[in-house]
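Enquirer: One letter stands for each residue in the lines below.
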Amino acid sequence: MVNQMKLEFLNRSENESFARVAVSAFITPLDPTVEELTEIKTAVSEAVSNAVIHAYKEDEKGLIQLECKVDSERRVIIIVSDHGVGIEDVSKAREPLYTSKPNEERSGMGFTVMESFMDKLEVVSGTDEGTRVTMLKKLDKAYGI
Amino acid sequence: MVNQMKLEFLNRSENESFARVAVSAFITPLDPTVEELTEIKTAVSEAVSNAVIHAYKEDEKGLIQLECKVDSERRVIIIVSDHGVGIEDVSKAREPLYTSKPNEERSGMGFTVMESFMDKLEVVSGTDEGTRVTMLKKLDKAYGI
Amino acid sequence: IGEIRRYLRDNNSIRVSRSLRDTAYKALQSKEKLSRELQREPTITEIAKDLDLPREEIVLALDSIQDPISLFEPVFH
Ligand SMILES: Nc1ncnc2c1ncn2[C@@H]1O[C@H](COP(=O)(O)OP(=O)(O)O)[C@@H](O)[C@H]1O
Ligand SMILES: Nc1ncnc2c1ncn2[C@@H]1O[C@H](COP(=O)(O)OP(=O)(O)O)[C@@H](O)[C@H]1O
Ligand SMILES: [Mg+2]
Ligand SMILES: [Mg+2]
Chain X
1 MVNQMKLEFL
11 NRSENESFAR
21 VAVSAFITPL
31 DPTVEELTEI
41 KTAVSEAVSN
51 AVIHAYKEDE
61 KGLIQLECKV
71 DSERRVIIIV
81 SDHGVGIEDV
91 SKAREPLYTS
101 KPNEERSGMG
111 FTVMESFMDK
121 LEVVSGTDEG
131 TRVTMLKKLD
141 KAYGI
Chain L
1 MVNQMKLEFL
11 NRSENESFAR
21 VAVSAFITPL
31 DPTVEELTEI
41 KTAVSEAVSN
51 AVIHAYKEDE
61 KGLIQLECKV
71 DSERRVIIIV
81 SDHGVGIEDV
91 SKAREPLYTS
101 KPNEERSGMG
111 FTVMESFMDK
121 LEVVSGTDEG
131 TRVTMLKKLD
141 KAYGI
Chain A
1 IGEIRRYLRD
11 NNSIRVSRSL
21 RDTAYKALQS
31 KEKLSRELQR
41 EPTITEIAKD
51 LDLPREEIVL
61 ALDSIQDPIS
71 LFEPVFH
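Chain order of the listed sequences is X, L and A.
Sequence positions in the first sequence follow the working numbering and run 1 to 145.
Sequence positions in the second sequence follow the working numbering and run 1 to 145.
Sequence positions in the third sequence follow the working numbering and run 1 to 77.
The set of hints was computed from the structure by calculation and includes no laboratory data.
One thing to keep in mind: the hints can contain errors.
[To be verified] The list that follows gives simulated cross-link-like pairs (lysine to any residue, SDA-like), each with its CA atoms no further than 25 angstroms apart:
no.	chain 1	residue 1	chain 2	residue 2
1	X	LYS6	L	PRO29
2	L	LYS6	L	VAL124
3	X	LYS141	L	LEU10
4	A	LYS49	L	GLU35
5	L	LYS6	X	PRO29
6	L	LYS6	X	ARG132
7	A	LYS49	L	GLU39
8	L	LYS138	X	GLU8
9	L	LYS138	X	LEU10
10	L	LYS137	A	SER64
Please read all numbers here as calculations on a predicted model, not as lab measurements.
Isolated chain X (complex conformation):
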């Protein structure tokens, strides 16, 4: 692994933006295209907002971890995990439009967005065991550097 970092933060909604910027700053030295960075940021947002919204009970303080690694082949690996309630049926949760909170204007498109913006998505979860979302994206080769 050429570089790696870990973040840990509270399940507060303003930390979604914090996580997005932190990941951006971490991969900026690879000089991705604006398109690639926007895709990664959007995927990070979805993963982190899921952990903020779904992982912990209302008013429960919970921690969210984000790990990011970049390797010499310009692969970016991002792991977002929580120790919250977990997902009972992962395949159902990953279906487009599925949401367990239809009353709160959730789109149910979070996992679909992560899947289409990244090259790989893996979701490991179990009731009361928390959730671990692993995403991978290979950046285009760099011309500028």
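Model the placement of chains L and A with the ligands on the given structure of chain X, informed by the hints.
Expert: Just chains L and A with the ligands, lined up with the frame of chain X:
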């Protein structure tokens, strides 16, 4: 504590910029002025670059931790720590212009910069026990929000 | 999503480094202008509003152009 986060990253020089941006993004919801943000970023740079340059032996891979907390009185607390070689004589190290690496164009002003840009600086270190730098700054009242 | 992707591809094949430099330049200009207008240092939010850009763009961009150290060091040398 109103919000808090932790980072962990490798002792690579590009992570200085990563740490700086991560701290900036984390305190952005408090809406600091550009000046306050620059001061905090400069102090973070000095603390992190010290850990990158001085804490570990050449070519040794080492981890650096950064913790940041903000409270309801707009106080920002930043703790940068490493598990490296440590500092034998902390008061000497904190003197302006003192550097243990005079041949490498080090200015010896790192701790002085941290001290003058932040409201408080505490350095705890011991040979082979690593170093822990704690900095505090109280932000001015919020204008924009 | 297909539409978003197409939009991104058509508009954003530029590198992040260049885009950030452009934003940073605008942010510095906005900071100067707001400092004059407000008679004090503007906040990040005020600059973001002025440029109609997200705050996070400003934060990232402000770090991309200059190392705050290099701004500061000449004072000591
Ligand atoms: N970190 C998580 N912890 C618990 N449940 C989750 C988590 N992430 C996703 N889920 C579950 O998966 C469902 C689908 O997620 P998603 O596709 O992002 O849609 P949405 O967030 O709009 O509901 C959520 O409604 C929720 O039930
Ligand atoms: N994290 C650290 N680990 C080990 N030694 C350190 C660390 N931080 C500072 N030092 C010691 O303190 C001295 C003074 O630090 P500083 O004021 O930043 O000056 P400079 O980095 O330019 O040498 C350094 O030269 C080094 O010997
Ligand atoms: Mg979602
Ligand atoms: Mg130094």
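Enquirer: Does the structure break any of the earlier hints, and which numbers would those be?
Expert: none
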